[in-house]
Each structure stands twice: as C-alpha cells, then as structure tokens.
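Using the sequences provided together with the hints, build the complete structure.
2 protein chains.
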Amino acid sequence: MLPISAIFTSTHIRFFSKPFSIHLRRLLSTQSSPIEYTLSHPIYTIWGSNTGVGKTLVSAGLAASILSPLSLSSTPITKFIYLKPVQTGFPSDSDSYFVYRKFSEIFLHRRPPFTVFASNQTLKASTPASKATLGAGYGVESLQTEEGGKWESGFRDLGLYEERKLQSEGGEEEAAVVLELICKTMYGWREPVSPHLAAEREGAMVSDSVLLDTLKRCLGIGVEGEGGEDQKVSVLSVIETAGGVASPGPSGSLQCDLYRPFRLPAILVGDGRLGGISGTISAYESLKLRGYDVVAIVFEDRGLVNEMPLLSYLRNRVPILVLPPVPQDMSDNLMKWFDESQNVFSSLKEIMLSAFVERIKRLHDMPKKARDIFWWPFTQHTLVPEEKVMVIDSRCGEHFAIHKVKNHDLMTQQFDACASWWTQGPDATLQIELARDMGYTAARFGHVMFPENVYEPALECAELLLDGVGKGWASRTFFSDNGSTAIEIALKMAFRKFLFDHGILADLLHSKTDEKCVELKVLALRGSYHGDTLGAMEAQAPSSYTGFLQQPWYTGRGIFLDPPTVFMCNGIWKLSLPETMQFEKLKAEDMSFYLRDEVFCKSRNDSSLADSYSLHITQELLLHSRSRGFTHVGALIIEPVIHASGGMQMIDPLFQRVLVKECQSRKIPVIFDEVFTGFWRLGAESAADLLCCQPDIACYAKLMTGGIIPMSATLATDAVFDAFVGDSKLKALLHGHSYTAHAMGCAAAVKSIKWFKDPQTNLNLISEEMLLRELWNMELVQQISSLPVVQRVVSLGTLCALELQAEGCNAGYGSLYANSLIQNLRQDGIYMRPLGNVIYLMCGPCTSPQICTQLLEKLHTGLNEFSQAQEKLGSYVS
Amino acid sequence: MLPISAIFTSTHIRFFSKPFSIHLRRLLSTQSSPIEYTLSHPIYTIWGSNTGVGKTLVSAGLAASILSPLSLSSTPITKFIYLKPVQTGFPSDSDSYFVYRKFSEIFLHRRPPFTVFASNQTLKASTPASKATLGAGYGVESLQTEEGGKWESGFRDLGLYEERKLQSEGGEEEAAVVLELICKTMYGWREPVSPHLAAEREGAMVSDSVLLDTLKRCLGIGVEGEGGEDQKVSVLSVIETAGGVASPGPSGSLQCDLYRPFRLPAILVGDGRLGGISGTISAYESLKLRGYDVVAIVFEDRGLVNEMPLLSYLRNRVPILVLPPVPQDMSDNLMKWFDESQNVFSSLKEIMLSAFVERIKRLHDMPKKARDIFWWPFTQHTLVPEEKVMVIDSRCGEHFAIHKVKNHDLMTQQFDACASWWTQGPDATLQIELARDMGYTAARFGHVMFPENVYEPALECAELLLDGVGKGWASRTFFSDNGSTAIEIALKMAFRKFLFDHGILADLLHSKTDEKCVELKVLALRGSYHGDTLGAMEAQAPSSYTGFLQQPWYTGRGIFLDPPTVFMCNGIWKLSLPETMQFEKLKAEDMSFYLRDEVFCKSRNDSSLADSYSLHITQELLLHSRSRGFTHVGALIIEPVIHASGGMQMIDPLFQRVLVKECQSRKIPVIFDEVFTGFWRLGAESAADLLCCQPDIACYAKLMTGGIIPMSATLATDAVFDAFVGDSKLKALLHGHSYTAHAMGCAAAVKSIKWFKDPQTNLNLISEEMLLRELWNMELVQQISSLPVVQRVVSLGTLCALELQAEGCNAGYGSLYANSLIQNLRQDGIYMRPLGNVIYLMCGPCTSPQICTQLLEKLHTGLNEFSQAQEKLGSYVS
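Top line first, the protein sequences correspond to chains A and B. Mapping of the first sequence onto my numbering: position 376 corresponds to residue 376, and the numbering continues sequentially without gaps. Mapping of the second sequence onto my numbering: position 146 corresponds to residue 146, and the numbering continues sequentially without gaps.
There are no misleading hints in this set.
Under the rule of at most 20 Å between Cα atoms (straight-line distance), these lysine to any residue pairs were calculated in the SDA-like manner: (1) B/Lys406 <-> B/Ser234; (2) A/Lys602 <-> A/Leu615; (3) B/Lys602 <-> B/Lys661; (4) B/Lys369 <-> A/Phe721; (5) A/Lys368 <-> B/Asp722; (6) B/Lys731 <-> A/Ser645; (7) B/Lys731 <-> B/Gly503; (8) A/Lys471 <-> A/Cys692; (9) B/Lys388 <-> A/Glu452; (10) B/Lys388 <-> A/Val725; (11) B/Lys388 <-> B/Gly814; (12) A/Lys858 <-> A/Leu780; (13) A/Lys731 <-> A/Asp718; (14) B/Lys731 <-> A/Ile373; (15) A/Lys731 <-> B/Asp372; (16) B/Lys369 <-> A/Glu452; (17) A/Lys369 <-> B/Asp718; (18) B/Lys574 <-> B/Gln782; (19) A/Lys587 <-> A/Ser607; (20) A/Lys729 <-> B/Thr546; (21) B/Lys754 <-> A/Ile373; (22) A/Lys516 <-> B/Thr546; (23) A/Lys404 <-> A/Val389; (24) A/Lys404 <-> B/Pro451; (25) B/Lys667 <-> B/Asp718; (26) B/Lys729 <-> A/Pro834.
Only part of the chain B face toward chain A is listed, based on derived beta-carbon distances under 7 Å: (27) Lys369; (28) Ile373; (29) Pro377; (30) Val384; (31) Thr423; (32) Gln431; (33) Leu434; (34) Phe495; (35) Asp532; (36) Leu534; (37) Ser544; (38) Ile708; (39) Leu730.
If you're looking for bench data, these hints aren't it; they were derived computationally from the structure. None of the values given here were measured: they were computed from a predicted structure. Where a beta carbon is used, it is the ideal one built from N, C-alpha and C, also for glycine.
In structure tokens, the structure reads:
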C-alpha cells in the first residue's frame, strides 16, 4: 500500500508499470465463447453518473412498472430480469435483494390482480462475504477454477436463493396472469468499497472474460428454450452496474470498458444535486466515448432544475425524466414516492420498449436499404442478395458485433480476419484510447490548413515516421489521403529525381530537349498493385482491374517483370521461379528452406542465384533500352516481400534486394509501396527492415493510423526533395489534397505508431529485435500446408494466407471456389474475405497468439471439412 | 418554472426549443476583440471533477507555495494572480477572499522573510449580492450596458477592494524581496446555486463574450507594461472555475465550452471519495473532448487509494498528486494541513512551471522543425523562411489560435478566411458536437469493412445524401476518400454509361469493336480543376499544375471550352464572353445585371444569348467529331457556377445550363464536380440547385463532413448504376479504397449535413427557400467592387472573392502581388491565402453576418491602404 500522501510525478509514475500491464492483460484475456446476446427482448444496462444517485431505486421502480396491469394492456411483459454482476458491501448491501424486496412491498401495497413469482439469488461471494452470509454454517473451501487462461478464485459458490409467490387477496382465480421477477447477484464482496479494492483485499478475483461469460449465461437463462417459437416469453432484462460509469470493476478495468463488448443500450441515472449537471454530462460523455447508446437519462429532482441545462446540452438526442425528490422519511418504505413516480417509470418503460422496437426494425431494414442505395466497391450487386448483406453493429478491438437472424435475432461476434481490407490494428484497449484521442483532436483542431503552417499532431507524426519507418534514409514527409494518392505523389517525386539526376531536367529547362521526346516508364513487378487512381494504375501490369471497361484511359506505363515467389508447401518453404527465368545450375539449397528466416537470410546475397537474378535484371533493362528510343525507366516501384492484392504472393526477398541494388546503381529512384506491408503487418515495423535495404521514396497508409481513419504519407530522402527546390513556386511539387495532414489522421498515427512499438502496450513485441513474436502456431501452419486441398501457405507477421488447390475457373480473382469454406468459417465466428481461391487470416500487431491459434484451429477444421466435401463432390462427379 | 416531477419524453422536448436557441446565440455572439493571452508567464485553469472537491484549497495552497522562499530559490515568481470569474453565494462565499485570507494566515503562520502585498477585489455583483455586501449603503442603480451585440445587465460595479501588507516580524530591512498576491472575483451572485440559475433569478446576466473580454482584461492587468523588457515581472495566474467541468456558466453555456476559446492548460482537482474515480475520469474525458490539455490531477486522499486505478487509466499521460485528508477539525485554520501538503503543492508548482517551459520551448521550436521535415504541398520551401511558418495551436469554430512572437509571446486568434482550403464549416458549437461524435464513432466502430456490409453511419449518410444534394435525381452512393478519387470514379461511371448507351459496350463485349478503336474524351471548361490524381488531372486543360515537370504522364484527354464569366464591377454584375464566342447582336440586358439573382434567373433561358450559347456548343462538338475518327466525347464534367482553383471565377449559369442540356440531349453523361460548391458553400445545399438542372453523376467532399475529416461521395442515377449490373464481378465497378465509407467520415457527414440544413442550428438558413441569407453586406461589397485596385468581385454564399487589378507577372497563379495586403490582414486577425492576385474571404454556412461584416470592413480598410501604397509606388516609379 502506498503512503497516504504519496506524490506521483511523472518520474514516479514509471514505477507503476505493474498495474498498467495487469490492466492490459485483463482486457486482452481471450474469450472462449463469443460475446453474444439475444435480441428477442430488450436488455438494458443501468449506469450511474455517480455512486448513490439511485440506480437501484430506478431498477425497482422499473420492475414494478413493467410487471403491472398498465403494462399488460400496452406491451405485455411477463418476466423482468434484474442482474447485479458486481456487488460490494455484501450481504448488508444487496441491490438485487433490494429490488426483490421493494417489488414485493409495492405489490402488497398496490395489490394488483396478478400472481408474481419473485426470486432473488446470489451466485458467488468472496470468503468474507460468504462468512457474513452463512454465519456459523460457513466452512466449505472456496472455489478456484482456471481454464484456458480465464480465472476466478477465492469465491464460494453461494447458491443463495429465495423466492416468494405474490398474490393479491382476490385469490388465484382472478390472478390468472402469472408474472415473474428474477433478481440475481453474480458476485458479492464484503467491504463496501470499489470492487477492485474489495476483490484485492478479500482475495476474490474474477477476470473480465469470466465475468462476461457468467453475465452472458445469466442473460440467457430463463429466456431461451422456454415456450418455443410461437409461445414467446416476453422479457425485459436490466443489468445494474456498480458506482459510476467509470468506476473500476473487480479486475480494475473501468466498468464502461469492461461491459463494452456487449455494448448494450444504456439508461443513465443522472444527478439532481448541485454539481449534478456536470457529473451527468461527463458521465454521458464517458459512455459515448465507449460507443454506448444512451436511451434515456433519469434523475431525482433536488429542486435545482438540472433538466434545463441538460436539455439544452442534449438537443433532443436523449429524453430526460425527472423523478420526484426521495423523502427523508422512509417510514412508508417509499410507497408514496413510488406511487408519485409511477408515471415517470411508465414513461421510462415506454421509451425503453420503443427504442428496442426501433432498433430491431432498423437492424432488419438495413440490408434491404443498403442494397437499394449503396454502390459497394469491387462488388457485383447481383451476387449479393439481401440475406448475404452483413449488418455490422459495432467493432470491439478485432471483433465485429454483427446482427444475425437464425431462430431468433442475435447480436454476436465475428473476428475481423480480413482486418477490414488490411487496415486494422487496434485491440479493444487501443480502440478506446484512439476514440478519446479522436475526440480531443477534433475538439482542439478539427482540421487546419497545412501548407506553410505547423501544428502539433502533424509535427509529431512526421517526427515519428522519420524516426521509425524512415529511419536511416528518409528526411521528408509528404502527407496525403490514401495509398493510391501516396503512390501518385511518389511517382511524381521519382520522375523528377530521375530527370534531375540524368541531366534531362536541365535540358528541358534550357529547352535543349523537347518534353515530347522524353517518355518515362516505371519498372514494376507483375502481380503487384498500387492503387485505383489512374496514376497508380498505370504502374501496374494489365489485369482485371485495368481493362478498358474499367478504365478506358489505362495504358500500362511500365516495364513489368515476372518475379520469383516463395511459399510453404508440405511444411517446407519453396522457391518458385517464373518461366522467364531459365537459370542453369540451380542448387537445391537455393530452392528450398526449412525455416522462413533462411529465406530472408543475408547470406543468400552471395549465392549463385543472386548472380543469376542480377544478370536477368540487367538483361531485361538492356532489352528494353535497346528496343525503345526516348523511353526511360524513371522509377522502380515494388511492394516489398508480399504482393497483397495479387493473391498474397511472397516475392523472393533476395530477388527484390538485387532489383533495388541494380536500380540504385543506375540512379533509378526506388519506391517501396508499404501501404499494405508497413507498420508491423509482416512482423517488422516496415518490410524494408525485412528486405534489409532502403528505398529513396516509400508510401505508407492503412495500419499507419491504427486502421481508424484514412491518411497516408510518402517519405523521401533529402536528395529527392532537393530536385524540387528552386526559386519558383512552379518548380515545387504542385500536388495536394484539401485535408493534407489532417490533425485527426496525424493524431491517430501518433498514437498507433507509439502503441505498436511499445512493449508495454504491445505484448507481442520482442523489443531487442524490434520484431513481433511468431503469432501463428508453426505446427498448425505446417499441418495446413500439408493438406491436399492447400496448394501453398504464406505466414508472416500478422498474415497467414493460403491458396486452395484449384484449376480452371476455380482459380483466380473471379473464382467463387472458396465460398462454402468462407461461409462455414463465418458461422464459426471468423469473418474472412477471399481473393478468389486465396484465403487468409489477418490479425492486428497486438492480437494475442492464443486468439491466432484459435483462428488457425478453426481454419484447420474448416479446411478438413472443405476437403471432405470436395472429395465427396469429386466422387459424385466422377 | 416547470412542475417538479415533469416528465420529458421526446415529444415534450420540442417544447423547449427556447433555451436551446438561446444556447446557440450565446455561443455565437461575436467577440469585438480577439481572444488572446500572453505566453510570457504561465496561466492555468483549475477545474473540479465535481463541486466541493477542494479547488479553492488547491488555489490557496498553490499561492502559498509559489510565493514562498523555496520558490524564490528555484524559479522566482513574484506575483500570483488568482481569478474567480464566476462566484455564486456571494458575499458569504467568496473564493477569492478565501485565497486572500488563507494566504495571509499561512504567511503569518510561517512568517517567511518577505514582504507580500496581498489584495482582494470584486468587480461586479448582482443587485441582491451588492445589497448583501454593501448593506445600508446600497442604493445606486445597477449597470446596464449593451454594445455591439454584447450585453451585461443587472450588475452593480462593486469595486470592492481590500489589501494588506504582510511582513514578518524581522522588519522591512530583511524583507527586501517584495511579492504580490492579487485575488479577484469578476462576477458575484447572491444565491448559492448554479450560476445560470443565480443569473436568471437575480436578473443579472452576462453574455459569454463579455465574460471572456473581462477575463482577458483581468489576465492582462498588472502583467503588461510593468517593468518593460529587461525587467520582466514573473507571474503565475490561475483561473478557478465554478462547480464541475461541465457546470453551466452564467449564460447557461457549460463552463468547459465557455472558456474553450482560451484553451488554457488545465489542473483538474479530482475526487478522492467513493465514486470519485469515475467522476474524475469522466471529468477528465469531458475536458479532453473540448481539446484541453490536462497538466496534472490533484485530489484529497480519502483512504480509498483512488490514485491506483487513475494511474492505470492515465498511463503516464498525466501526473497525479494526492493531498492529505482535510481534517474535520478546522480550529487551526488548516495550518497543519497546509504544512503537510507543502511538498504536494511544491510538486504541483514544479509540474506547472515545467509544463509551461516545455510548451513555450516546443512552440518556438516548431517552425524550424516543420521546415526541416515537412514537405508541404504546393509550396516552394525556399519561399517560406522560418519566421513565416505559422504555428497553429488550435481551432475554435472558424478561428485559429496561433502563436505569435512580437514584443513577447502571445496566443492570439485569426479568422480562418481560407476555410483551410475550403473545407471548413463548423462554428464552435458544431465543432464540439462533432468531437463527441468522432469519439463515439471511433469507440463504436473504428473503421469497418464496407463491401457487402451495412452499418449505421454509412447508411444514414447515404440516405441523407440522396435525400439532400441527390434529391430528385440520384439513387446510388459510392464513397471514396477525397474529391480527386470521387472524380476518377465519376469518370469511370460516365464512360461506362456512355459506352452502354451508345451500343459500344455491347460491341466490345461481342468483339464487334476493338477497344483500341475507341478513344474516350471528356468535355470540360477551361479553367476548371478536378483534383491532383492523374485521372482527375486528365480532365483539366493544361495549366501550371499539369506540366511535364509536374506530371510527365499528363496528356489532357479533354475537349476544353472557354466559358463566359460573370462578376461585379463598380457595383454592377457584368457578363464577359471569351474571345471564342463572337456573338452578333448582343443585347445590353443580356450583358449586365443590377442584382445577382437576375444572373441566375430562369427567364434567361429564353434569351437570344441562350440560343447563341446553344449554337456555339453544337458547333464545337461538331468541329470535334469531324476532326477525329474514333474519339468520342464520353462525359461532360463541370464545376457548377464557380471555378474555384481557377481563380474564383463565376461561370455564367445560363451557359452551364445550356451546356448540360446539350450534352444530355446527346446522351453524354453529365458530371457535376461539387467538391468545392456543395453543402452551402455557395448559399444553397448544392450548386445544382442554383443552376436549376440535374447531373447524372455528382461528386462531393470538403464541406460534406463539416470540414473535419476527409471523405467523398460520388452520387449517380440508377441508369448509371445499371450499366455495371450483370452476372460477372468483372462487370462491376472495380474501384475502391481501404477506408471506403469509413464510419467516422460518415458520422461527421451525418452530423454536418443535418446541422447545416436545420434552422434551429444554422441561424443563417432561410428555411422556406432553403437558402442561406446574404452573409456579405451588399453595400460594402459594392464599395469594394468600385475601388480602383479591384478588377472584379464575386460574392455568393460563404464566398466573397475579388481579383486585384494587375498586369504582367503581377497577374496569375504565380503572382506575389497580393502579399503585402495579405500580411496586413493577418496582422488584423484574418488568415487569408491568395490565388495569385485573386483573394477571397470564406466563412462557414453558420457564420454570423456580423462576423462577415467585420471581415469585409477590415478587407475594405486593407484594400484602401493597399491602394494608397500602390499609388505611392506608382508615383515613385513614374
């Protein structure tokens, strides 16, 4: 324990790295089953803007209002479930018992013509809390479970249960309608302090994932199964949190973070006291900053008309309800107060029910509306029937929450294994950090003018880029909006540099050369892809994307070389040369590798293969320069190591290394397109690190901003920059976009770049090597690479890709061959998108290897099933 | 007053539109002088996470710590200024008096060898508060001032002042060092309730702008002037707020919003009680959501170790200081407590001083660093010396806060009159709303995969677009990243549609035509600009941007027509025809207009000029089709009404209307590039509304997202979409960007689109006509258009542009002619960027006409001075 008046200055804070990394781990702990909940009935979370603002009174009032005659006439709800996941001060404080008891009192006071079965249950309690509950009867050993990284210890399985049947005097005949009130406390601690303190002091800990699992089960019990389809049970569930919105839960996670994976709609109990406006607004904002929807705010009137400024602030967004003042005199058990509050609770109930109905309606309407008005990119709309449109309700770290309709409506999780077009990096913790930074940056800067100006996020971002991916070579940062624009800028830079270096610029400026006599081409690899705008497309070899029907202006201004590729097959890494490379005397050790590291090994530079590559490149360049007159190869552009869109092909790093060397020796500027590969996608901060060579210009986007917002950067050496320096503005690089270096993109990049490369926040980082640890279980990868349906595997960094064995129309970008496999994996909680017959798993730089292993195992199973189905199909066909 | 238990459901809320619009107005009220403050010494704002958390104790402790012997040895501060802008419960509660008194007590308790002049002053108090203060002496009329839309009424100029000289026993000789404590209450109210309630109940109101003006004056008094350059006074100022961070100020604005224009660094006094973790974190987040920097958190220990979860949450970002518990027993005037707290306050002081020093250092370093590592777009770096680099500290609505170094460091405001490359729309209120939405959306979605999926922000954004700018014609929304990509997509759509409509698509698919025999060109207007990526550039006529040195691949794939332009000169709107239009029998009424509305009038459709236009266009198209074989005009692209980059040229709307008609009659798809013109830039939601004709495809960006984040949309008719429908994916539009329809961009667009077109939030909107009211004072505009240095003026919607009379190298994009004018206007608080000799003012759709008039007046003055300088120069030269 710390000294009471301890002073924590920034130096001291470093001392407290332990609670910090605990915090990380507790959020990262893996979930064995997906977080999901039914949408067949409303479930709300009740939050408080502070402790002691009356959350439990609201719960009790709601219970009475919902299980009442009035209720039956409008929307019949026959079951009210009240859950208190975390209770401290137990058993003297028990909110679930309070709701249970208060409901009974109200019932007996009002005596409605119903029968209600009411129950209250406490599942688990800490040893001291159990002792206090059971008194002398206590003596059983406390629970201690540990399974799959989840844990829960120091609890006693209390199973405390009481129930009563409430019936008005009229007797059973009148009360034909039978209602049910279920109150439940999940975990109880003895001390009336914050749960994280109680948990620590009483030695009764529960991890976030176990708590959420238990909550999920509690939400499910008594709901599913009962009644079946046509005899639907009408239920309303509420979960009451402990303390304020950002009060810590038992693990120390803030409750607003802890419950975030469910993202249930919220009722916020505000504060009617002096200072309560501020507290209510701030609590509301903390909920919004975690992506919660607040459906209503309710608070007790304290004579300060707090609703007026709240209404002004909220601008119709959220209804505000004001409860009458709670009397000091409790002699009537608050029965008069509950009577006076009846209309407020009934309004609250209506708001909750109608918000639920609206939400469900919207979720159901969305697929059709989307099909009607969206124009999705890269999508033939006729191939996407309404039922295939996926409704994404939210994201939590690497997981989507999606709306599914099976037997009933469900909100369930899918791992975003395509990383939303390869952009995603944040885990749940980074996402919330980014959200706060986005709010801050928007509030501080919005967007501000870049040229000739400077502001903090842009400067810090540029500093981090030059000190990170650009370290050792780059000196200038040019910002733009996306990978494609970054490439167009890079090409403009490279061409100018080329003209400058080869004296053509001077000749042009002094009219010694006519610009019509200079044609610039780009050297590129077949199968690489650099973006969809025309300038970027021109640097790609012809493909489905570049056809006349797609872009009539495309001509393909490149010399395109066929590259050698590397992949794993039957557990071994193999090198495959293109037909254009007819090398003699190939050595076996050059052609296959037991370890991936050997592929990257620098010692290969001295191999005869390296010489063959070098010769091949020289010949190709010679061939070209002979056949054309005015044409120059003004730039080399490559995607280092992996051709992503080109089917997740791993290019032989030796070949790319030799290629770069050959170009640089000829003063052909080298561009690395690291849009896909940059920022740990392949396990190192940049793919240039893997290649062990440096470009003159490089482009970054996607993961640079943590995958939250589009922005790109083109880095360049000072030598490239100098080719644009002069007296005239017309010599400057006249390219820019309105939102160049927008503050939010820069702020997101600053946070993400730092997060990914800090071993305190990225537990995957091996800091000595500045590499990610192996995320994909090698044994499993090798097994997969040995399956007959699998042609090749590439696993590197956050990527694990494989090509399915396929022929004819089953192969290539247009192929639908993988569809059944993809569909099955989606059912299994993995969202994948194929590239024709190439499929891949992609995680974030911070995703835990356990999650990756879970994904791989599911993929393995899926592939086995797919294999069997193909065999069956094959045998039917044959 | 409302009934105590009033229930506000969404229906009832509409009733309360009054406080809401008051809220708007109080934020919009114009500032007569810029918000600025000195950076020659630290100024901090002290915020509370709740009421009663001890802000004033912290202030008093700081005062004692700063004006102390220890302090003198390390960093000598000789003056401590304490400001309490808003005090309720006055005079019995007076925090400035408390600090004054407590400091004196501590001084007398500690008896340091110093002399301190301490004073406490209260400037103004409400009538009841004055009465209570002055007792029987009361009887003077209360103040009532109103000037330039600012107001302050119901106050008495209290001028209450007391001072004392504190000296230790040692006598004057020893106490050679003279220190000063200045305590000041700005406004006092009698009732101990929230300021907005007290202000209303006591009839003593003060607008936000008057309050900020007073605060600015108070921050300045006793600082500037004293001592001069070499004898600098060392000062530290703190401003203590009232209640919690989001407690309302006197006008009803939340204090975190009220003080936002200063954006002073913050000390947050947290809450050590149960529930205090949550309250402290939420308050911190509310401050972050307004763009404040929190330098330290300090709170009173209540034995709950609240610092542990706070440290975990804050991750080194902010130091946390814990004060010892305040004793219940106050008999020693807390002297023991202050003694125990001395080390905490001294740490706090050090943190505040070093944060200040770091901030100043960074501000000074930024220009050099920016010059060293940025590569600004459209900028010849040699023309931007370090002293010209502007440091933008933040934005508040339409204003930048910039760091200036004159006699001393200053943080001051400039109106962003270039709207940061024409993107900006938000006023201060919308900016904060957007910030919260950005935080929410990042937390809920981050970014999620778009194709084949649907999620709320994207769907709502598409719905709003089709129901707004696309209403009546568009059915599909294609999202992309910026104007340039939106144009490339539009061209691909148009070409496909053209091929489809003219049977070429079928011929190509059935190999009846070879694609090499089809060349598609675009019809465009000379001077128009559509973006910097190659595809968009190809649709522009050759210019400085498109030269070989800039983009060697540019060829200019367009037929470029010279358009007729319209402008105001000497108070009259005139039409100017290009040389290529040699029309006979031009009528005077066709060539000049008294009102701008006449220029847009539909009756011009029947004029002989319309016929001449029609004939001219037909001839141009004929000429073209005769001279080329395979070439087709596959699309028309125009910037409707205004060529922005082309020098803010207003194109004759009649000409564009005729052009559209001629193309549509020939089944040439029409693209409107509304990237600049869309979303109220020109006074209507789209420029198509002004032209009164509809395109087949249109592009939007910039203002669409309120200018906060890049995103664009290409809208199209169903007929265009149908040209991409088929069985094969390869027939689909294969263009997309990773962040397509990113959730944050969509959410920003949703908020902004709604905000701009809602008369409740956009007070400039004339809702019957769906037009903005005239923002630029017509009389002033006419006067400006009559100045000899002004060649032409175009004022429309949020734009007021003018071309300076210039010849030779003084004219055109490369001209530096306007520089002296621009520099003077920047000194005068207006940030303008010229387009060569064309300069312009640009505001947001919600900017108040009063602000626009202020800008125009300054521009007018500037032009007069410029004119005189030119004359002088002229007479010197001649």
